[in-house]
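Quick note, the sequences are listed as chains A and B, same order.
Each residue of the first sequence is one higher than the last, beginning at 618 in this note's numbering.
Each residue of the second sequence is one higher than the last, beginning at 157 in this note's numbering.
Quick caveat, the hints were computed from the structure, so don't treat them as lab data.
Worth double-checking, as some hints may not be accurate.
Some chain B residues close to chain A (C-beta under 10 Å, calculated; not the full set) [to be verified]:
| id | residue |
| --- | --- |
| 1 | 211 |
| 2 | 294 |
| 3 | 321 |
Calculated lysine-lysine pairs in the DSBU-like style (CA-CA distance at most 35 Å, straight line) [to be verified]:
| id | chain 1 | residue 1 | chain 2 | residue 2 |
| --- | --- | --- | --- | --- |
| 4 | A | 879 | A | 898 |
| 5 | B | 208 | A | 833 |
| 6 | A | 867 | B | 284 |
Here the structure is a predicted model, which is why all the values come from computation and not from measurement.
Using N, Cα and C, we set each Cβ at its ideal position, and we do this for glycine too.
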Amino acid sequence: MKKISAIVFSAFILVSSALCAFAAAPDEIAALKGTTLYVYNWGEYISDGADDTLDVNKAFEEKYGINVVYDTFDNNEVMYSKLKSGGVSYDVVIPSDYMVQRMIKEGMLEKLDFSNIPNFEKYIPEKYLNPSYDPKNEYSVPYTVGMVGLIYNSAMVDGAPDSWSALWDKQYAGQILMFNNPRDAFGIAQNLLGMDYNTESEMSWKLAAELLKEQKQVTPVYVNDEIFLKMETGEAAFGAYYAGDFLTMKDNNPDLEFVYPKEGTNYFVDAMCVLKGSQNKLAAELYINFLLEPDVALANAEYICYASPHTAVYTNPEYTYYGNEILYPEDGKFKTQSYLNLSPETLELMSSLWDDVKNHNIDEGGSNYDFFFADGELGATAGGDVLTPEGTKYLVYILAFAAICIAYIIFRYVRKKIRENA
Amino acid sequence: MSSRSLKAKLVASPYIVWSALFVIAPLIFVAYYAFTDSSGAFSLENISELSKYTTTFLRSIWFGIVATLICLVIAFPLAYFISQKTEKVQRTLVLLVMLPMWMSFLIRTYSWMALLQDTGIINSFLMKIGIDPIHMINTQGAVILGMVYNFLPFMITPIYSVMAKLDHSMIEACQDLGGNRLTCVRKCIIPMSMPGVVSGITMVFVPSVSTFYISQKLGGGSFDLIGDVIERQFQQSYNYNLGAAISFVLMILILICMAVMNRFTGDEEMAI
Chain A
618 MKKISAIVFS
628 AFILVSSALC
638 AFAAAPDEIA
648 ALKGTTLYVY
658 NWGEYISDGA
668 DDTLDVNKAF
678 EEKYGINVVY
688 DTFDNNEVMY
698 SKLKSGGVSY
708 DVVIPSDYMV
718 QRMIKEGMLE
728 KLDFSNIPNF
738 EKYIPEKYLN
748 PSYDPKNEYS
758 VPYTVGMVGL
768 IYNSAMVDGA
778 PDSWSALWDK
788 QYAGQILMFN
798 NPRDAFGIAQ
808 NLLGMDYNTE
818 SEMSWKLAAE
828 LLKEQKQVTP
838 VYVNDEIFLK
848 METGEAAFGA
858 YYAGDFLTMK
868 DNNPDLEFVY
878 PKEGTNYFVD
888 AMCVLKGSQN
898 KLAAELYINF
908 LLEPDVALAN
918 AEYICYASPH
928 TAVYTNPEYT
938 YYGNEILYPE
948 DGKFKTQSYL
958 NLSPETLELM
968 SSLWDDVKNH
978 NIDEGGSNYD
988 FFFADGELGA
998 TAGGDVLTPE
1008 GTKYLVYILA
1018 FAAICIAYII
1028 FRYVRKKIRE
1038 NA
Chain B
157 MSSRSLKAKL
167 VASPYIVWSA
177 LFVIAPLIFV
187 AYYAFTDSSG
197 AFSLENISEL
207 SKYTTTFLRS
217 IWFGIVATLI
227 CLVIAFPLAY
237 FISQKTEKVQ
247 RTLVLLVMLP
257 MWMSFLIRTY
267 SWMALLQDTG
277 IINSFLMKIG
287 IDPIHMINTQ
297 GAVILGMVYN
307 FLPFMITPIY
317 SVMAKLDHSM
327 IEACQDLGGN
337 RLTCVRKCII
347 PMSMPGVVSG
357 ITMVFVPSVS
367 TFYISQKLGG
377 GSFDLIGDVI
387 ERQFQQSYNY
397 NLGAAISFVL
407 MILILICMAV
417 MNRFTGDEEM
427 AI
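Excised from the complex, chain B in its bound form (with noise of 0.2 Å):
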């Protein structure tokens, strides 16, 4: 027993340095640095000026939670559909699903940047084809759709492989017990799939709201999402301990709506 559990650690003491140094460590330093002033002694000072950003945080677990809901509200059926093929298309479907990333996030935004703009690709398509052009780049919709296509790998992926896993003779037992398809999904898919999702909206909620660089180049930058704010506190106005401020109220948002979620989903695997 005891050598086993040696074994264990063994094999997770790759991780377990890892997260020391890239996880635990840094996060000592954001709440270091959130508690100090500039000459490093103790003050709440930094925590007590983020009431200004309360309409920021606020926007951003807004678009976050829509980007989520869009995400699985797209994510979900197609995940299903892609577990319904034979192994060979499923395995084409999921590389197709990755293939966007393989090119840079950076490059995918600034392209949607020049698809999106007034006289960008779609409206100059729409007008050939004698269509109003339509005002898409700089509007919190385009925003929006820069977190949904850039963050919907992340909702698929993991829908897909528990859906894949999934053990159909539930399924069948279900169209036994007469059943029809909408009752299968709603009592066998969906609760059976749960794992999959929730870890789908954790990957897709969390970098949604603190994302930086969607915002501002297809929002325009005129108007911040909170990982904007940081990314100045940090890049611009070397204000390390406002910028380690906001991270932290930040990282303490989203691990309350975290629970939140998981309060909604733990249920649900009850329920089964």
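Okay, chain A solo, but in the shape it has when bound (with noise of 0.2 Å):
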């Protein structure tokens, strides 16, 4: 009886600590000073402090006694990539809905503690909450949101283009700029094949394929943030990149304008999520609720230019891009799809038909391309040949100079024979 009593009272003392570390007691987050929060965000991500910007990082720094260690990485992939390969190890990260979802499923993330984020029930509205890539809420709080959409320069192109076919316009050949990473560019060409960006069926994917090879008839050039400097400068006419990113881009050249396509596009959601494995999960869900604060969402959101899905900063009339109807377009106005997180067998297809788009020459499909802008036959060319002919040119080069070489040891040797013997 003794013994029995005790376990109950054990088990009360341990429920009601664990209670007590749920509401995150001062005293803890006073225990966390001078520890080390280190977080993995997208590049110019995060209000830094330039221009008299708020300073984040430091801001947290000094609220909380906490150091951040603060790195970036340039997409979803390369993050993945570098937390898989281990050797590294993050308490938050913000990747891309689809990527969430992947990480989800396979248990790289720790579920959040949301009574130690209390800004999100406060601030994030409901038609945030519960995503497809994490269906119960458990492990991610939305950061930012946004769209794709089609950039061009109103100096440069005729009327205004309302269709992802402007990228394949052969008028603007070699001045237009595609997504240089599957996900992306695989989704524009879905979007004018009227297809779901996560079919699981390989006709789909290759026919996607086709059609991105067939924009190599316009001399694409594929860009990642390189498309700031060529869309700025006017080297390209048409580029295909956030809604965000754009307006920082209208800031340095008034002639860019910005569309959404009828075909539809992808709406995304970059969200805050803790790593499986974290040294510090109560100070990373404190710094979640940092960045959730009214006044350190506001600078971010200024500073980023993406839409924020904060209701205390798209409500503020003094935002900046209050109201603005790239940002926060009217719902329903625009068709929408999200990438969501694809069979490995579907990523290891549309890695290897990646590398097939960016390796096809035009040259060697000759007119039998024309498949989807005009009348003809589908994937006449797809894949089978080793030796393309464009291949067949270099090979020759190589072995006309391999033959030259050859011939002048021949020859040296043939001398020096000649010399010795006379």
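Starting from the two chains in their separate frames, assemble the complex, guided by the hints.
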């Protein structure tokens, strides 16, 4: 009897202390002073104190006495590879929706303790709750949201385009910028083809890849961040990129215009998560909560220029982009889809097809490549040949070079022999 | 004798440890990944998948050859020119050759983008003086230019360091025997500076074949070099096995090319 009561009592103590931990008592927060928090975020994705903005990391350090080590990545896949290969340990990461889903599925994320993130309930409106990538909303807190759109230089383009097919317009050959990452590039082709982004059908992906190969006729330039330089200097007529970044470019080149194409586009959420194995989980949650403080969120929204899911930001009339139609279009005004995690087989197929697209040379396809915008047969030259005409050309060059070298060696050798005999 | 060899071993040990850790071990990993699948079982699938990258391989090797030849043609006379100057001038000139390398390779390549663009610095200048702009960016020529620009110092330095130590009495002997300038260059200077040329070729050819950043920025990403494909397997696709298989084959191809070149130059040295 005594034993049982002791067990009940200790269980009670355990539960109550656990309850205390949930509420993150002030002394627990104070105990974090001097510890270090490792944050991994997109480049240029936090207000960093430049041009008299708020330095968010410094403000957090001052408030809690926790050191922030802040690193950046330039796309989801790079971040994933880095985390997966080990050797790095971060506490907070901010990946995009489909990557959050993948990381949940692979057990890379830790469930959040929302009692330490009271600002989530306070400021994140219902439409951002329980997203499809995190259906029970256990792992992630939205940081920014956005859409991909078509940017064009009104000084170089006639009329106002409203379709992704502008990126296939031969009139602007050499002046078209395309995403240099498979998911977004395929997304654009899938918009045009009216496909689901997250299809598991091999045929659909191959069809989209054919469309991307056909785009080689306009010699698109595949870019990441270089799009800023190329659009701002008037180097390119069209480019596909994120709405928030367009606003930054527009500041530097007023000729630039933006449109959400009628075929639909990608709607994405970048969300804050805590990695499994985090050594400083409470600090990580404090950090996430801190990023949701109205003034911090506002400073970030102003700096990043992406749309914010934070009610205190987008309802604030003093916010520069308050009511901005590009960042905050009416719900349902544009057709949108979101990326979800794909099966490993489909991911592998997509990578392999993307390699094919990048290596495709339009000369070899000839006129068979008009299947989409003109009538024609599909996939006439898909895969197959080991040696393309371009490859043959280089092989001939290399062999000719080798032949010259060998001929020279033989020439010297023979001459030497003749001299020795003489 | 034995104490001397022990000393030699001790002296060499930092490098031996270094190369074991950062050269040999990675090579073993590359070979391991190249012949396994994602679950770690033995597989030849990665290697057999490579046939679709044949064009990319050939393109990379050809670009490497062209860039190396251009570097050689520029670097050889320049190295000779530098080595003929007084020591003080030589030091300044070598410093000038090395100067660009004080800046990051990535930044320098990025700046070439701003220079070569259709609306870039060169073309704006051409338009100002009334010449039609030339389309340079996103062409194969731009990529080769980027390679030559970035790797030229690696060609100049070894050739120069050999030429600076040339035995001048040999050249004088050549002149005494009635050789004109061209004969002296052909019979004396070229054969004697061959060791520098060989290491210069190696130091330019290998990085040119395997480079990835230059082709993405200056070539517009519309044609891949093999380095781009490898980078993508590791960074984007998380397919270490395919990436390792491509690297493995690339290493073998480079070794073959180097063997051919060494044969070529080895003969040359015999002919002195």
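Does the structure break any of the earlier hints, and which numbers would those be?
Per hint list: 3, 4 violated.
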